[in-house]
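**Student:** What follows is the residue order along each chain.
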Amino acid sequence: MNNLSELYGEDYAVTSEQPERYYWYKTAGGERFGVRKARLSDEEHMLLCTLFYHEVDSDMEDPVQQKWVSVLFDENLDVSTVTEKPVRYIHFHLKEVPSDFTEFKEAMIGLFSTEVIFLFKNEKEGLMVQENTEGEQLVEELEQMAAALTADFFIEMSLFVGQVIEDTTPSNLLNTYQTEKRWFTSGIKLIPSQLVFTQPAIVPAILFSEASKETIHYIKTLIEPVSEDAELLKSIRAYLEANLNITMASKQLYVHRNSLQYRVDKFIERTGIDVKSFKGAVMVYLALLTYELR
Amino acid sequence: MAEIKLNHIYKRYDNKFEAVKDFNLDIQDKEFIVFVGPSGCGKSTTLRMIAGLEDISDGDLVIGDRRVNDVAPKDRDIAMVFQNYALYPHMNVYDNMAFGLKLRKFDKKEIERRVMDAARILGLENLLDRKPKALSGGQRQRVALGRAIVRDPQVFLMDEPLSNLDAKLRVQMRAEISKLHQRLQTTTIYVTHDQTEAMTMATRIVIMKDGVIQQVGSPKEVYDAPDNVFVGGFIGSPAMNFLRGQLEDGYFTMNDVRVKVPEGKMKTLRDNGYTNKEVLLGIRPEDIHDEPVFIESSQDTKIKAAIDVAELMGAETYLYSKVADQDFIARVDSRSDIHSGQHIDLALNMNKCHFFDTETEQRIY
Ligand SMILES: Nc1ncnc2c1ncn2[C@@H]1O[C@H](COP(=O)(O)OP(=O)(O)OP(=O)(O)O)[C@@H](O)[C@H]1O
Ligand SMILES: [Mg+2]
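If you're matching them up, the sequences are chains V and U in order.
Its first residue numbered 1050, the first sequence is counted upward by one per residue in the working numbering.
Its first residue numbered 16, the second sequence is counted upward by one per residue in the working numbering.
If we strip away everything but chain U, and leave its shape as in the complex, we get (with noise of 0.2 Å):
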């Protein structure tokens, strides 16, 4: 069993450069945890602690019940992936899976058990007397997968396993390693800068910004409701928008544009003392509507909205658009009847919208 615990992680580089600051989670056995962040945030360094590769500056590392801040890596029963496909190019399928358990001193018979099993997961059972050089990039890295999984370890650690592979490929791997994680139920950490690849995979997401966790929550709970402006903003394609406006008397307002606030949001942003203050409204595009029937039982929080670009996606358009000088975005049905500088009447859905501190940019409600 693979629980793992990271009590108060610090990482401070040989440069003084702080990359990780009190890094706190608890990791269920079976999880599959995501980190993700923009480029730079502490995802490897945290993971490449957790494999041993990086000495952990400060703070508690628990795997199981071990303290293993001072536990070789190769006794903390762990296998990694990368985004380098790890492969020796001069040898076979076969025998790159079976490299890391001859060195454990595996008997051949178990070996080839493992071996093969792995590979028929992972459907190599006919490329295994196959040199990497002769495969694709997906193929390289199932073999890079079935490196780890014969190790039979305790935790799996993935360091952007997919970045690179084509987008199509991606999305298609993607499936196929949750998938294996149903089947293996093996605790994962998985590190992407990909919110998408977050969103799809995880039982609970680590959102990371400057070595500081933002967040933690399964992908509903950091979708429905984030703690602050940048997992707002990071998590959904197309961004949440944010509109700075006034409280008053009920109303959210921006310049001469009235929109009503539900009373239980309302109840709560009066008692934390923001009446008559500026504050951020985050909306989802997909909580703008352009449906007349929508707009018709939500007449107090209609507004008039310029639009600049209408984006068709296939199934849906994108509304680029403005109101009260702020840009925002709609996601709304297809249609193709709208054009740029048009000024057309969207209504927002205030019962799923949040508000934010302007200046903690924490949520409010």
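So that you can see chain V by itself, here it is in the shape it has in the complex (with noise of 0.2 Å):
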């Protein structure tokens, strides 16, 4: 700290009469300081970041969110109740620092504002806290919504759609919070192009990371008789991933059921797996996610 109130002089604070002047960090062991906006490159902005938790002005104001940096940034496990109801995190991660962040946040806050509470732990990333959580087209709401903003603001962002947690102690909210995290850090690492992450899409990921050429080649021969078929994979995909029900996958797809159930039948009888079980639903899954690898 001594050293950093050295390097900029009059431009460090620890306080201010006009703190938007400043960026304002926080130090892990929970110390405060700012310097001067007009003081700071980019990239020193960014390397400061990355070092300390820049705290966003408006996380300051409300104290709902308060309470929530707090639990979550602070790690600071002396508050009451932060929640009564069951919540959901959707942790978010810009791949750039929008030039115009306010406008951005603004806009990210304006999406929801009525259902969700929004913490920036730094310019790059934070979370969503949903108090409704259910989530029957979270999913592809969500990619539409990333897309929208990349649309928009050409910054390109990823997302994790984090479980209901039921247990919202401090402690627990925090733990997940942290839990959570790294799931979504593991997932960016492995499939840099997804937009939207929840943990039954990283466990794959992970386990391909670390098999061999020949075993993800295996894997990927399985398919093979169709492999050429995009529209038939898409289907089978669409199929699994509606829990093997025909008439939601259909819907999903804009297709009559009928052409569905053609579709998947000729599936087994190009490849001979019978998708329709569990087991052999699962050896799909595995060899449709292989084509996706680099």
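Hints are not guaranteed to be accurate.
Just so you have them, the derived chain V footprint on chain U, three or more residues with Cβ under 8 Å [as the list claims (entries may be wrong)]:
1) 87 to 99
2) 111 to 118
3) 144 to 152
4) 178 to 190
Everything labelled a hint here was simulated from the structure, so no lab data went into it.
We put the CB at the ideal spot given by N, CA and C, even for glycine.
Can you join these two chains into the complex? Each is in its own frame, and there are hints to help.
**Tutor:** The structure is reproduced here in structure tokens:
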């Protein structure tokens, strides 16, 4: 700290009358300090962000939000109840810091305002705490939203959809946050092109990342007879992801259920794998995933 | 006016993987350029570099008369359409289309004018109050297109916008996007791995493989004169046939099968030193004929083919056949009198065939 204070001299502060002129950071030990924005280049600011928690102004305003920040980012478990209701975290990670960060943040919050609590850990990552945990089309909606934000702001992001958290004691909230964040980090590393992650999608990616080329090739060949038929593979993927429910999958694909039924039969006929059975489905699912590996 | 120039563009990812290598292309104003190639060949990477979503490792990107390598994406005046419908789930169709304009501080009147215009063009006028959830896949992608159109950008960048749609709808939307382009005349770069999509939509096609451009040309050019074996095999369905054989004495020979090579072609082959060498003959399925009239007049390109399977496709039949132990497909007018195992006469239209070097796989003639 002393070094930083020396380095930035008058531009370094612990408190200020004009907090908006400073970037505020917090050390792992909870010490807060600011450096005048005008003094910092983007790179320096980024560097400080990676070394310390960067506090974003509005996190400091709303008491509910403050509580969350305190538990999740400051790891302070000495707080009274944060929430009574079950929640779900949706973690986000931006590939770049938006040049118009405030505008971007406002847009993002605006998209959800009524339903979620927004927590920015720094200018690149944070999470949304969702109290309405119904998530029927959540992944699909988030994919669309992420794509829309990219189209409007030219910032790419990935998201991680967590599990519903029933036990809302501060320690479990923190614990879940940290665990999910680790999953998310692995996911981003292994499948950089993915928009929305869920735990079940990351598990096979981790397994594949440790498998040999031969193993992967071996799994790949399971569905070789149909590997050129992109339409069929897409249908089977949708069928598996709809929990082997033809009706649901055909809605998803916008095809008649009979044509999907026909495609599933064709798949079974050509590969000899009974994709309708649980074990067959698992096998086919893994084989399908190998086609997405680099 | 938006010309786009890509000069010696490279992309190396953090893990050192080189996804795009020495990419050179001049795109004219108003063109509809399609990048096509198998999965992982670097189409999206190239598109994303143009958009500014991905840094350019090496080379120059020029849009209009500006080098834009270091220009922020939002200042490049482009609009993107993705495979995922880029929509805000909580906003209705109108607000979805208006959002980008509000963000750019357009006044209310102008926003309304542009949104209503786009809605009319895309046939969304009656859906403006709906949320995305209440729309079909095709309608959703239309709204996503609308979000791009209202921006009136210099360039549209589209990355497999139709691949979430079912085959039938895809064909229909294909035509709609083409019409849209005719109407708006905005320079467009469109990415797909579907060669049919590329052939039907593009003014020019860029065929890529392993991060390298294989050929650039109009659909007709790349179809009629593929530069190499990869392009020949990738463009066209069913794919071009490749037969391996020797050039001997004016004939292409496979074991005891002999096919006469037209003198013009033979001269080029001879001049390039291919006499008595092994070459690959490339011939499209529709250039192999079964009509007696044709065979009658092409006795010196006649072959005896063993039919493995005859697949009736409606107006046409695909004959999966063998000659001198090599597989090929002939595409002939429908006939139901052919059975597996049968041997029939076919004749090659050698004026339409190509020859490729077996090593470099480049086209010789
Ligand atoms: N962030 C990244 N880090 C490392 N490699 C990457 C990254 N993104 C893409 N790649 C690799 O670069 C190559 C080109 O990818 P790209 O997405 O451009 O392919 P594509 O032609 O669009 O394929 P598809 O048809 O599957 O979309 C692939 O091998 C891909 O795995
Ligand atoms: Mg792609």
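**Student:** Okay, the region 178 to 190 of chain U and chain V, do three or more residues pass the C-beta test at under 8 Å?
**Tutor:** holds (count 4)
**Student:** According to a criterion of three or more residues whose C-beta lies within less than 8 Å of a C-beta of chain V, is the region 87 to 99 of chain U covered?
**Tutor:** holds (count 8)
**Student:** Would you check chain V against the region 111 to 118 of chain U, counting CB to CB pairs closer than 8 Å, and say if three or more residues qualify?
**Tutor:** holds (count 4)
**Student:** According to a criterion of three or more residues whose C-beta lies within less than 8 Å of a C-beta of chain V, is the region 144 to 152 of chain U covered?
**Tutor:** holds (count 4)
This entry satisfies every hint, going by the numbered hints stated previously.
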